[in-house]
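Using the sequences plus the hints, can you model the full thing?
The listed protein sequences correspond, in order, to chains L and A.
Taking numbering that gives the first Met the number 0, the leading residue of the first sequence gets 0, the next gets one more, and so forth.
Taking numbering that gives the first Met the number 0, the leading residue of the second sequence gets 0, the next gets one more, and so forth.
Source of the hints: derived by calculation from the structure; they are not laboratory data.
Just so you know, even glycine gets a beta-carbon here, dropped at the ideal spot from N, CA and C.
A hint or two may mislead.
Claimed, not checked - Calculated cross-link-like contacts (lysine-lysine; reagent style DSSO-like; alpha-carbon spacing at most 27 Å):
no. : chain 1 : residue 1 : chain 2 : residue 2
1   : A       : K59       : L       : K134
2   : A       : K59       : L       : K136
3   : A       : K227      : A       : K188
Claimed, not checked - From the structure, some residues in chain L lie toward chain A, with a derived Cβ separation under 10 Å:
no. : residue
4   : V128
5   : R144
6   : L271
7   : V277
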Amino acid sequence: MESLGVLLLHPMDAYLEQELARRCRLLRFCWDAPPDRRDAFLRAHAGSVRAVVTGGVAGAGAALIDALPRLEIVACFSVGFDRVDLARCRERGVRVTNTPGVLTDDVADLAVGLAIAVLRRIPQADGYVRAGQWKAKGDFTLTTRFSGKRVGIIGLGRIGLAIARRVEAFGCPVSYYQRTKRDYPNYTFFPTVVELAATSDVLVVACSLNEQSRRIVSREVIDALGPGGVLVNIGRGGHVDEPELVAALAEGRLGGAGLDVFEDEPEVPEALVALDNVVLAPHMGSGTRETRRAMADVVLGNLEAHVSGKPLLTPVV
Amino acid sequence: MPPPAPADDAGDRPLVLLSQTPLPHFAAALEGRYRLVLAADADAATAAEARVLLVAGLNKVPAELLDRLPALELVTAVPVGVDHVDLAACRRRGIAVTNAGPAFAADSADYAVGLVVAVLRRVAAADAYVRRGRWATDGDYPLTTKVSGKRVGIVGLGRIGSMVARRLAAFGCAVSYNSRSPKPSAPYKFFPSVLDLAADSDVVVLSCALTEETRRIVNREVMEALGKDGVLVNVGRGGLVDEPELVRCLREGVIGGAGLDVYENEPDVPPELFAMDNVVLSDHRAVFTPESFRGVLDLVAGNIDAFFAGRPLISPVTL
Numbered sequence: 000m001e002s003l004g005v006l007l008l009h010p011m012d013a014y015l016e017q018e019l020a021r022r023c024r025l026l027r028f029c030w031d032a033p034p035d036r037r038d039a040f041l042r043a044h045a046g047s048v049r050a051v052v053t054g055g056v057a058g059a060g061a062a063l064i065d066a067l068p069r070l071e072i073v074a075c076f077s078v079g080f081d082r083v084d085l086a087r088c089r090e091r092g093v094r095v096t097n098t099p100g101v102l103t104d105d106v107a108d109l110a111v112g113l114a115i116a117v118l119r120r121i122p123q124a125d126g127y128v129r130a131g132q133w134k135a136k137g138d139f140t141l142t143t144r145f146s147g148k149r150v151g152i153i154g155l156g157r158i159g160l161a162i163a164r165r166v167e168a169f170g171c172p173v174s175y176y177q178r179t180k181r182d183y184p185n186y187t188f189f190p191t192v193v194e195l196a197a198t199s200d201v202l203v204v205a206c207s208l209n210e211q212s213r214r215i216v217s218r219e220v221i222d223a224l225g226p227g228g229v230l231v232n233i234g235r236g237g238h239v240d241e242p243e244l245v246a247a248l249a250e251g252r253l254g255g256a257g258l259d260v261f262e263d264e265p266e267v268p269e270a271l272v273a274l275d276n277v278v279l280a281p282h283m284g285s286g287t288r289e290t291r292r293a294m295a296d297v298v299l300g301n302l303e304a305h306v307s308g309k310p311l312l313t314p315v316v
Numbered sequence: 000m001p002p003p004a005p006a007d008d009a010g011d012r013p014l015v016l017l018s019q020t021p022l023p024h025f026a027a028a029l030e031g032r033y034r035l036v037l038a039a040d041a042d043a044a045t046a047a048e049a050r051v052l053l054v055a056g057l058n059k060v061p062a063e064l065l066d067r068l069p070a071l072e073l074v075t076a077v078p079v080g081v082d083h084v085d086l087a088a089c090r091r092r093g094i095a096v097t098n099a100g101p102a103f104a105a106d107s108a109d110y111a112v113g114l115v116v117a118v119l120r121r122v123a124a125a126d127a128y129v130r131r132g133r134w135a136t137d138g139d140y141p142l143t144t145k146v147s148g149k150r151v152g153i154v155g156l157g158r159i160g161s162m163v164a165r166r167l168a169a170f171g172c173a174v175s176y177n178s179r180s181p182k183p184s185a186p187y188k189f190f191p192s193v194l195d196l197a198a199d200s201d202v203v204v205l206s207c208a209l210t211e212e213t214r215r216i217v218n219r220e221v222m223e224a225l226g227k228d229g230v231l232v233n234v235g236r237g238g239l240v241d242e243p244e245l246v247r248c249l250r251e252g253v254i255g256g257a258g259l260d261v262y263e264n265e266p267d268v269p270p271e272l273f274a275m276d277n278v279v280l281s282d283h284r285a286v287f288t289p290e291s292f293r294g295v296l297d298l299v300a301g302n303i304d305a306f307f308a309g310r311p312l313i314s315p316v317t318l
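Shown next as structure tokens:
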């Protein structure tokens, strides 16, 4: 793999970067530079870049792909690939890989952790105690029980199933929506997200982002979830009508939310920051040392397979 | 909060003494069923007559209080823990004791799991990070550690402990436990000592009762065995942990983090903890849900009614 010219689009993981530098011909993109310098960089190195390593939020758009005539593979350091122009890759015969499986547990753990944190107001209690208010005011807050809440999951893929298995241990009845109904004896299928939301106390977004699922959590869905309902999003900010979500939370039309993703990361709507009924996380669903290491190994494994002409480990295209 | 007004007409409502003023949620519901009198306010006749004492909170119920009630046969407690009641005195006098354990178990277990995830994945710290605008200025939050696959040692495999076990097993954690005696039906590894449990665990969850044997059961030795990456979660009683030593161990990095719902001297919380990112604190609220409170009312009333009707108690505590 020593002759493989790899363009690392932005810093994403120290171990990954170290291995790419050691095993390939690594080029680090000037991600933060102004557009003309970025274009100049791409022009200068176009001849040598055969692989791009990118993250879930950065992706790889048509402009980048077009600027790299020798590009053979885009390896995503993420399971999401909604920001990779797959059509352009297909046209050009460029392979695309992601990192499914290795991050399933982490994302599911955080989804359930966020659900409990929102319903039981864990960060708020922590803040209350740290501010000395327990001693000063000593009022007690009742927060609603998590066990037994009806959990609705949008997308029963690897992550959705892992979430279902966890919440079942809390006695939560599980329902789901996805494009095709499957045969799950313990999970109730709903043919629309609105119906799913109407019968759920906690609605979890766990599907991939594509044209059909963009803003799948619409005003109608938020209204159906209602003042007693909580939304947990560990998918993509693009799954949710964010301005509508913020308004509903601020006005009490939606009970609460646990959000790991936002439409324009790292920007988080100001109105959310003032709310007590939300838990905010900086897109850290897969952010553990163990999982990022495993994700890096998948990226490296895919690049190795590509250069040796072997089947890719986790191809998307 | 003023005590409930004494009934004009004792009528059919049985007399129940209160160890302290109950929370408003309980007072209203109980007043309709029983003639409630604060033990401290009871006149001689009332004290002599009282067969039931409702322990309505965590104020101590010492032998001196019990001794003023010669007709006492039942102490029914609202909290799960009854370590603040002089159980030896109850045992001596043949007074039955009930707690509200079953009503609280799920919420306590849920909160324990919530704390485990919150500490390991820094949910509270990361929420603060986002609210302070640091995601935009300082970049991604530092990497944390996986919950799935962690070895979890539970101290006390009663109602709460077994619910914690089932939940964390579903997260892919390897669960083991310590309790007074092994539970043959439990599919988890048993350790005869908390020290051995801690040595074999990444996370220790305390969900046992506070007794003479378990007081400060988590000491420096146990925390050293748990280790620098180890996490302690306490939803039991503050008295289970040597608190000054806990603070030292956190400060020195002897253990890796803690999730605490209870403290030795509530509501005092060691202020050194306030600056720590690897700690999640809460104000003894693990069981404060409307669902628990409804369940507790049902259980307290159920036990009192069973007593007066001569039926078996629902949730007796073994003395």
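Verification of the supplied hints:
Between K59 (chain A) and K134 (chain L) the alpha-carbon distance is near 19 Å, which keeps this suggested pair within the 27 Å criterion. Taking the CA atoms of K59 (chain A) and K136 (chain L), the gap is about 22 Å. The hint holds against a cut of 27 Å. As the CA atoms of K227 (chain A) and K188 (chain A) are separated by approximately 23 Å, the hinted pair is consistent with the 27 Å bound. Because the smallest distance between the Cβ of V128 (chain L) and any Cβ of chain A comes to about 4 Å, under 10 Å, the interface hint for this residue holds.
Evaluation of the R144 (chain L) hint against chain A yields a held restraint, the C-beta minimum of about 4 Å falling below 10 Å. Restraint check, L271 (chain L) versus chain A: the minimum CB separation of about 9 Å is within 10 Å; hint holds. Among the interface hints, the one on V277 (chain L) holds; its C-beta lies about 9 Å from the nearest C-beta in chain A, closer than the 10 Å criterion.
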